[in-house]
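Participant: Sequence:
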Amino acid sequence: MSEQKQKHLIFRILENPVAAPYLTLLVIFIISTILSPKIFPTASNLMNIVRQASIVGVVSIGMTLVLLIGGIDLSVTSVMALSACLLSDMLKKAVENGRNGIEIGPVLLVLLIGCLIGAANGILVVSRNLEPFIVTLAMNQVVKGIIMVYRKGAPGGKVTDFWKAFGSSYILGIPCAVILYAVMMVIFIVVLKCTVYGRHVYAIGSNAEAARLTGIKVRTEKIAAYVLCGFTAALAGVMLMARVRVGEPNGSSGYDMDALAAAVIGGTSMAGGIGNLIGTLAGVLIMAMLNNILNLIGADPNLQGVIKGLIILVAVLTQRKSD
Numbered sequence: 069m070s071e072q073k074q075k076h077l078i079f080r081i082l083e084n085p086v087a088a089p090y091l092t093l094l095v096i097f098i099i100s101t102i103l104s105p106k107i108f109p110t111a112s113n114l115m116n117i118v119r120q121a122s123i124v125g126v127v128s129i130g131m132t133l134v135l136l137i138g139g140i141d142l143s144v145t146s147v148m149a150l151s152a153c154l155l156s157d158m159l160k161k162a163v164e165n166g167r168n169g170i171e172i173g174p175v176l177l178v179l180l181i182g183c184l185i186g187a188a189n190g191i192l193v194v195s196r197n198l199e200p201f202i203v204t205l206a207m208n209q210v211v212k213g214i215i216m217v218y219r220k221g222a223p224g225g226k227v228t229d230f231w232k233a234f235g236s237s238y239i240l241g242i243p244c245a246v247i248l249y250a251v252m253m254v255i256f257i258v259v260l261k262c263t264v265y266g267r268h269v270y271a272i273g274s275n276a277e278a279a280r281l282t283g284i285k286v287r288t289e290k291i292a293a294y295v296l297c298g299f300t301a302a303l304a305g306v307m308l309m310a311r312v313r314v315g316e317p318n319g320s321s322g323y324d325m326d327a328l329a330a331a332v333i334g335g336t337s338m339a340g341g342i343g344n345l346i347g348t349l350a351g352v353l354i355m356a357m358l359n360n361i362l363n364l365i366g367a368d369p370n371l372q373g374v375i376k377g378l379i380i381l382v383a384v385l386t387q388r389k390s391d
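Take the sequence shown: its letters are residues 69 to 391, numbered as in the working numbering.
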């Protein structure tokens, strides 16, 4: 009887949609340790992986939310770059005037701009019933063009001492960026699991028409998801600026695919209605771990793009098969 109970427990664990990404994470960790036994499993390298994962993690929160309603947002990289460039310029003026604090006003401004871009994406998608892939891709090009004209493709700006410390300091041995990511995770997990809005998100992703017939304001809720995605992208841009200590127009390249891959690997369906942030966390760590081990073994940087694409493809095909 005890053996049967144990087998039953194992099957229940494996049937949990979150189990697969965490088992994958464990396998990648073991393989990476074998490939680089002297560097990969060290505490300093693992902390570096977590630090790098924090920025992608914040972006992936918003991406997961948008995927849950059956959408997608490919404008996150340009929102990140715009946030970093604008804030670094405003902080440069603050430094020149002898201020070295958080500068909450400029920070709130760039976060608001991110929300507005997200709102524009959402309004265009729901008001005209347009494909979110096309709308957000176009928005990405528009915002990217604005950044290039504004910055002429060159990095610039400065950061205050507060943001220098944020990008490199630790609290109780944990990088500040990781703590911020953890806080955002807790907030959005509560939003999705414990609020009416969270229940509406899953209902809309599962069947938007049925959700509308039950009285859910589908259009408003969808726009809100894009607004929140714009917010998390702008916040990730602030974190990136703090890490590199400059506003870099091209510094956010690839974060959209990393965030998308993390969400899909974590079990979030691109058709909407299925997924959670706990699974996305595993996807974030998997992507960060893969990037790290490929760099450690000296793999061709272009290989990372191939692997990410294949991972997304396999994850999507797996989802379709299970459906």
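The set of hints was computed from the structure by calculation and includes no laboratory data.
Bear in mind that the values here come from a model prediction, so they are computed numbers and not experimental data.
All residues carry an ideal CB built from backbone N, CA and C; glycine is no exception.
Be aware that one or more of the hints could be misleading.
The calculated label-pair distances, taken between Cβ atoms and stated as ranges, are [as the list claims (entries may be wrong)]: (1) L364 / R287: 28 to 34 Å; (2) A250 / L205: 26 to 32 Å; (3) N370 / L177: 33 to 39 Å; (4) F201 / L177: 25 to 31 Å; (5) V254 / V95: 41 to 47 Å; (6) K161 / V210: 35 to 41 Å; (7) T101 / S195: 25 to 31 Å.
Dumping the calculated DMTMM-like pairs for lysine to aspartate or glutamate here, alpha-carbon to alpha-carbon at most 25 Å [what the hints assert, rightly or not]: (8) K285 / D229; (9) K161 / E171; (10) K220 / E277; (11) K160 / E171; (12) K106 / D368; (13) K160 / D229; (14) K226 / E164; (15) K232 / E277.
Participant: Does each hint fit the structure? Answer for all of them.
Facilitator: Each hint, compared with the structure:
no. : hint                    : in the structure
1   : L364 / R287: 28 to 34 Å : violated, 47 Å
2   : A250 / L205: 26 to 32 Å : holds, 31 Å
3   : N370 / L177: 33 to 39 Å : holds, 37 Å
4   : F201 / L177: 25 to 31 Å : holds, 29 Å
5   : V254 / V95: 41 to 47 Å  : violated, 27 Å
6   : K161 / V210: 35 to 41 Å : violated, 26 Å
7   : T101 / S195: 25 to 31 Å : violated, 51 Å
8   : K285 / D229             : violated, 44 Å
9   : K161 / E171             : holds, 11 Å
10  : K220 / E277             : violated, 45 Å
11  : K160 / E171             : holds, 11 Å
12  : K106 / D368             : holds, 21 Å
13  : K160 / D229             : holds, 11 Å
14  : K226 / E164             : holds, 10 Å
15  : K232 / E277             : violated, 48 Å
Taken one by one, the earlier hints fail for this structure at numbers 1, 5, 6, 7, 8, 10 and 15, listed in ascending order.
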